[in-house]
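Q: Protein chains in written order, with my numbering: chain Y, 1 to 240; chain Z, 1 to 117.
No wet-lab data here; the hints were simulated from the structure.
Glycine included, each C-beta is placed from N, C-alpha and C at the ideal position.
There may be inaccurate statements among the hints.
[Stated by the list, open to error] The following label-pair restraints were derived from C-beta to C-beta distances:
| hint | chain 1 | residue 1 | chain 2 | residue 2 | range |
| --- | --- | --- | --- | --- | --- |
| 1 | Z | Tyr22 | Y | Thr12 | 12 to 22 Å |
| 2 | Z | Pro58 | Y | Leu35 | 24 to 34 Å |
| 3 | Y | Thr9 | Z | Tyr22 | 39 to 49 Å |
| 4 | Y | Ala5 | Z | Asn5 | 43 to 53 Å |
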Amino acid sequence: MPANALLSTLSTTPLFAVGLTLAAFLLGNLIFKRLKKPTWLPAILIAALLLAATLAAIGLPYDTYRQDAAWLTFLLGPATVALGMPLYQQLPHIRALWRPLTICLPIAATLAACYALLIAWMLGSSPLILASIAAKSVTAPIAIGITEQIGGSVALLLGALLITGVATAAFVSLAARFLNIEDERIIGFALGLNGHAIGTVRAFEISPAAGAFASLGMSLTGIFTALMLPFAWHLIGAGG
Amino acid sequence: MPALNGFLWLVSYWLIGEVTVYFTGLPVSSGVVGMLLLTATLAVWGRVPSTIAAAAQPLIGLLAMLIMPGVVGVFFILDELAGQWLAILCALIVGTLLSVTTTLWLLKRLMEKMHAR
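With the rest of the complex left out, here is chain Y (with noise of 0.2 Å):
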């Protein structure tokens, strides 16, 4: 078939996967603005439906694309390092509210690992599905290298952050209103703690400062838990 010998063509190159990589990228963008931009429909998913709807309707096996965009995927190791640089511009900030800030991330960071992972366990989730949510609150490239080393499967994972973090921008500005809490720099600093990249995006649509605390809280968050939740998962590996 001459479908078949073209498609066959085109994927002896990554460029083939780089390139639909990047056009269902921008075209999600574009339809998310489009859409005037919901909360419930983040631009990277709309991306990813258009994307999986494509390599169904070609017949291109995702194994195949995985390794082709491979070539893209490698720059997620510097793209984490690079998260130093906004880390280090909100040093200020930590630094005025460090008392606050310092109880409480260690408790909120640990509970929002801890809900999920003790209703999923209650309703009889397999070992590698608790591993694979463990990280659902961190943001995506530190995440990725969390689960890779606690076992778990990186796509359940990036599907678990996606759903994470669209009910995070939902709820916090209802439980903000049930709480009776304005002030911009708790609800910026929830949204960045348990909604990382998606939650960091909205605080960002109600005002700056909640973006800043959005970044300090999705920041501090994925350095704690990178640092902590590997340990604790060997320690209780190693106990039960």
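Starting from the known structure of chain Y, fit chain Z onto it as the hints suggest.
A: Relative to chain Y, chain Z alone:
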């Protein structure tokens, strides 16, 4: 070529992270080690060199695209996880509602305490 110069910095820090993880056996990813080392270096310098900003800014903007090949994978494991989805969704959504509420309440209390002093 300021961006290329900055990119070399980022790659070098990642490689230093890789070496550190290899020799110490820390269960942390090389990217996180590199990120912390970069933050510490910038804090010592007291400013962000324009070369590093030129490389870091666009890379951070592209994060969503860099994770897309992985995100797409979730649609291809839907079958493998059949029957588990309800538990996963429930854990993520209820867990997130609980942790969002806890974070907001806790930080509000802690900041009120600080202002009371």
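Q: Could you run down the list of hints and mark each one as holding or not?
A: Okay, the hints, checked on the actual structure:
{"no.": "1", "hint": "Tyr22/Z x Thr12/Y: 12 to 22 Å", "in the structure": "violated, 34 Å"}
{"no.": "2", "hint": "Pro58/Z x Leu35/Y: 24 to 34 Å", "in the structure": "holds, 25 Å"}
{"no.": "3", "hint": "Thr9/Y x Tyr22/Z: 39 to 49 Å", "in the structure": "holds, 40 Å"}
{"no.": "4", "hint": "Ala5/Y x Asn5/Z: 43 to 53 Å", "in the structure": "holds, 44 Å"}
The earlier numbered hint that this structure contradicts is number 1, and it is the only one.
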